[in-house]
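Chains R and U, in that order, are what the protein sequence lines are. Sequence positions in the first sequence follow this note's numbering and run 1 to 302. Sequence positions in the second sequence follow this note's numbering and run 1001 to 1195.
Source of the hints: derived by calculation from the structure; they are not laboratory data. There's no promise every hint is true.
[Stated by the list, open to error] Lysine to aspartate or glutamate pairs mimicking EDC-like chemistry, simulated, CA-CA at most 16 Å apart: (1) U/Lys-1144 - R/Asp-108; (2) R/Lys-245 - U/Glu-1182; (3) R/Lys-5 - R/Glu-291; (4) R/Lys-189 - R/Asp-175; (5) U/Lys-1051 - U/Glu-1092; (6) R/Lys-59 - U/Asp-1011; (7) R/Lys-245 - U/Glu-1088; (8) R/Lys-99 - R/Asp-8; (9) U/Lys-1036 - U/Glu-1092; (10) U/Lys-1051 - U/Glu-1083; (11) R/Lys-299 - R/Asp-8; (12) R/Lys-298 - R/Glu-12; (13) R/Lys-94 - U/Asp-1063; (14) U/Lys-1051 - U/Glu-1088; (15) R/Lys-59 - U/Glu-1132; (16) R/Lys-296 - R/Glu-12; (17) U/Lys-1190 - R/Glu-238; (18) U/Lys-1036 - U/Glu-1083; (19) R/Lys-51 - U/Glu-1132; (20) U/Lys-1045 - U/Glu-1092; (21) U/Lys-1187 - R/Glu-177; (22) U/Lys-1114 - U/Asp-1013; (23) R/Lys-189 - U/Asp-1139; (24) R/Lys-133 - R/Glu-291; (25) R/Lys-99 - U/Asp-1063; (26) U/Lys-1041 - U/Glu-1088; (27) U/Lys-1187 - R/Asp-108; (28) R/Lys-293 - R/Glu-177; (29) U/Lys-1047 - U/Glu-1088; (30) R/Lys-189 - U/Glu-1179; (31) U/Lys-1048 - U/Glu-1094; (32) U/Lys-1190 - R/Glu-177; (33) R/Lys-245 - U/Glu-1179; (34) R/Lys-113 - U/Asp-1032; (35) U/Lys-1068 - U/Asp-1139; (36) R/Lys-189 - U/Glu-1182; (37) R/Lys-113 - U/Glu-1145; (38) U/Lys-1114 - U/Glu-1092; (39) R/Lys-245 - U/Glu-1094.
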Amino acid sequence: MDNEKLLDTFVELIRKTSCNLPVDVVSSIEGGLLNEKRGSIAYDTLQIILKNIEIAREKSLPMCQDTGTPVFYINLPCGISQGDICNKIKKAIKISVRKLYLRPNVVDTLTGKNLGGGTGAGYPVIHFEEWKKDYIRTILMLKGGGCENVGAQYSLPSPIKALEDRDSRLNAGRDLEGVRRCILDAVHKAQGRGCAPGVIGVCIGGDRVSSYEESKRQLIKSLDDKNENPVLYKLEREIARDANKLGIGPMGFGGRTTLLGVKIGSICRIPASYFVSITYMCWAYRRRGFEYKGGKVKKWLY
Amino acid sequence: MILNSPINKKDIDSLKAGDTAYLNGIIVTARDAAHKYLIEKKPRKYKKLLKNGIIYHCGPVVDRVGKKWIVAAAGPTTSMREEPYTAEIIREYEISGIIGKGGMGDKTLNALRKYKAVYFHAIGGLAQVLAECVVDVKDVFMLKEFGSPEAMWILDVRDFPVTVTMDSHGNSLHKIMYEKSEAVLDKLIKDGTRE
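Okay, chain U solo, but in the shape it has when bound (with noise of 0.2 Å):
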């Protein structure tokens, strides 16, 4: 499935946890420090960039060559740094879609739901494959205050790979996942070591 950002809420609904898509359109990079920004000054010239858009958590490793910036390495960082930050993110810059990886809370699923956004879930450490998917770097902003990997990156990307795995109907992929593999824990602590 292709999609494209700005994401629609129609496009939205039919996600579920499980399906895998290729991303193309603008991608905005954010991580701990633009997370904070976002929360507490609430600026207001993000607003139209971020309607409907994609919010990517990633620190990449960017080259100036002339004029242009190029992406030279740009995998995902862990998502759940930014649990307490993403509900009201996603209320109040009204998100269609995060990118991230290892999955997120409570907060931010009933967020999802709520709000009609996805987590789409990049594979942890794709650093070479991802930075190929960017096409072009449109913008960054806070760069002389956050510094390169903190500071937010406008992207356009093309067949960006991901899954989702939270969607906006309270399913949470990386949930199913921790209940059953904390069965198995169980069993095996129960049983003890057996060749």
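One chain only, chain R, in its complex shape (with noise of 0.2 Å):
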């Protein structure tokens, strides 16, 4: 492998990802605008957000203070080293922290001491997955703070704790039904604190890890791409209507545009468990990824 050219590759592919918001996520972001009434606080605000997305993507620094968590999606073929795609990653984020593309966001989390390079225990996420494919695909994503601590989880079923005390009817069940409720009231605790517009991934089943990682994979997806599963996607939509009646709007100041979208997967559970898994990103939905073949970039995904 040729070792120089995939270290290039992965610092190009961190400046693209904290700089440069996919065409997906910004032509979503457009189509709130329209949405808007002109001259309202969410037409402003989402007009200065796609200002600010302008702005990075010019001078190619991060479009958001917090660079976040570099969460790493890696598919290999059979015969390629972990540990040193793992140490080229490493370097790469130390590289990204002089160039500014990152800002030096570990901290150890017992002193409270920032550790200045951007790598340490747990951090960077990368998961690794060997495939049939004869390339590496990498896909970055850098998750915020802000929306990460809105991230939600409920064991089905399960009282919806704004309504408990009102309606004890209303709470959530193990159906499709239980899971909107759910889904909803994660929307609505994450207001002012999310960075809405929005997106959220969600998982239905799993257990308690695997659930919330599936969730946060689910954000890989491009938001043009259709979910195959015909009653995922229905409450895909369902929610996407419901979510923006609750006049949230962009950054919590009221406003139809609340989330952007909703990417529902499901995985098998046992028995005793039903759980539904929110992970939510905000309006800086930054997800770039990359195909590797023969020392070269075969292709800049979204």
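Please assemble the complex out of the two chains, which come individually in their own frames, going by the hints.
Have a look at this one:
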């Protein structure tokens, strides 16, 4: 494998992800602008967000100062060393901090000390998977902290906290209506803190860990992708429609654009458990990827 | 409306939730570590700097070019994390304004009323637009101790765009929005799914 070239490609991936929002996300924010009344606070907010995206791209600087947790999803052909890739990514992150594509964002949890270089125990997050294809595919998400903090997990049947005092019939049961209630509850609670308009990734099923993991993985789908499962596709559309009726709007100032998209997946569960996990992604939905073969980039994704 | 920091209490009194404003002058970044430090250690040396001043919930990306610091990205961080400290900070350091995102709770809202201060909301993630408003980095405190994102950066800003979302009269747009959307949520859940 051409070592220098792959390192450079990782640095370029980080630059693109932090500074240049993918076209499906930008189009979706532009679409939101058309839905808001000209001169309203929602309209002005989306307009200045679009300006911010533009400046970040022109200057190759982070669109958000919280450059987040780098989460890598890597598919490898058989025989390529994961350790080697891992080392390259860590090196690429250090270079990216120097080049200002990333903020030095890793803190020792116990001492509170900032480690400076952007890597440390558990950072970055890298998911490896072997596949049968003959090239490497890497997808990177930079997941901001404000929106990560408003993620939620429900173990069904679950009382919806905001409602439990008023009407016990409104609890979320183990069916799609229960799932819908959990998701709308999570969107409501995220307001103001999650930097709307956002996108939510949802997983139904799994155990606590695999469920959260899958909910985040849902966000590697492009907003243009159509869910192949017709039941989930319908649920996604219903939730997007209803969430936008909540009136929360961009940054929670009020408006019609609360969610840009909903992505739902399902994995199996054991009879005793029924989890609904929700990962919230802010408007700065930083996701990029590449395919790499024979010492060079085959294709940039998104 | 243009406001110059430090802001006198008369100007604070005239601000109402929903007003948009542009800020000029000195703002001081402080987030989790700085808030804890300001309350637990009560360092006196910041009293003059912060009197009638503005605290900005922000952990910027900063570059060193020669002897100058350059702010490369500087949007607001979530304010709610500072809720346990803010009422006391407003009282102790006689703050006039806080810039952040997402709004704050009742304890802060009461302190804003009691000590005459306001909460300015900046748009989350607006790191580039807001970095362009920073004309100078005057100084930095606690850089070595807290690291760059948590340090207290003394920024000189021009035309820094904000919206007053919590005023000194007990009004909070965040509270109003939360209640309004909660009523809609109630209805959506009661109605179930209808095409």
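Quiz item: Does R/Lys-245 pair with U/Glu-1094 here, judged by a C-alpha cut-off of 16 Å?
Solution: Distance ~41 Å between R/Lys-245 and U/Glu-1094 Cα, so the pair is violated.
Quiz item: Taking only the CA atoms, is the gap from R/Lys-245 to U/Glu-1179 under or equal to 16 Å?
Solution: holds (14 Å)
Quiz item: Do the alpha carbons of R/Lys-245 and U/Glu-1182 lie within 16 Å of each other, as the hint requires?
Solution: OK: R/Lys-245 and U/Glu-1182 at ~11 Å, within 16 Å.
Exercise. Assess, step by step, whether the Cα of U/Lys-1048 is no farther than 16 Å from the Cα of U/Glu-1094, and give holds or violated.
Key: Distance of about 9 Å is within 16 Å: holds.
Quiz item: For the pair supplied as a hint, U/Lys-1190 and R/Glu-238, is the alpha-carbon distance within the 16 Å limit?
Solution: holds (15 Å)
Quiz item: Hey, R/Lys-133 versus R/Glu-291, does the alpha-carbon distance stay inside 16 Å?
Solution: holds (11 Å)
Quiz item: Does U/Lys-1190 pair with R/Glu-177 here, judged by a C-alpha cut-off of 16 Å?
Solution: Answer holds: U/Lys-1190 to R/Glu-177 is near 11 Å, not above 16 Å.
Self-check item: Restraint status (C-alpha distance of U/Lys-1036 to U/Glu-1092 at most 16 Å)
Solution: Holds: U/Lys-1036 and U/Glu-1092 sit about 13 Å apart, inside 16 Å.
Exercise. Measure nothing beyond the straight line between the CA atoms of R/Lys-299 and R/Asp-8; if it is 16 Å or shorter, mark the hint as holding.
Key: holds (15 Å)
Exercise. Verify the proposed pairing of U/Lys-1114 with U/Asp-1013, using a straight-line Cα cut of 16 Å.
Key: Satisfied, since the Cα-Cα distance of roughly 11 Å is no more than 16 Å.
Self-check item: Proposed proximity, U/Asp-1139 with R/Lys-189 (alpha carbon, max 16 Å)
Solution: It is violated: about 38 Å lies between the C-alpha atoms, which goes past 16 Å.
Quiz prompt | Given pair status - R/Glu-12, R/Lys-296, alpha carbons within 16 Å | solution = Given pair R/Lys-296, R/Glu-12 holds - Cα atoms ~13 Å apart, limit 16 Å.
Going through the hint list in order, the structure does not satisfy hints 4, 6, 7, 10, 23, 27, 28, 39.
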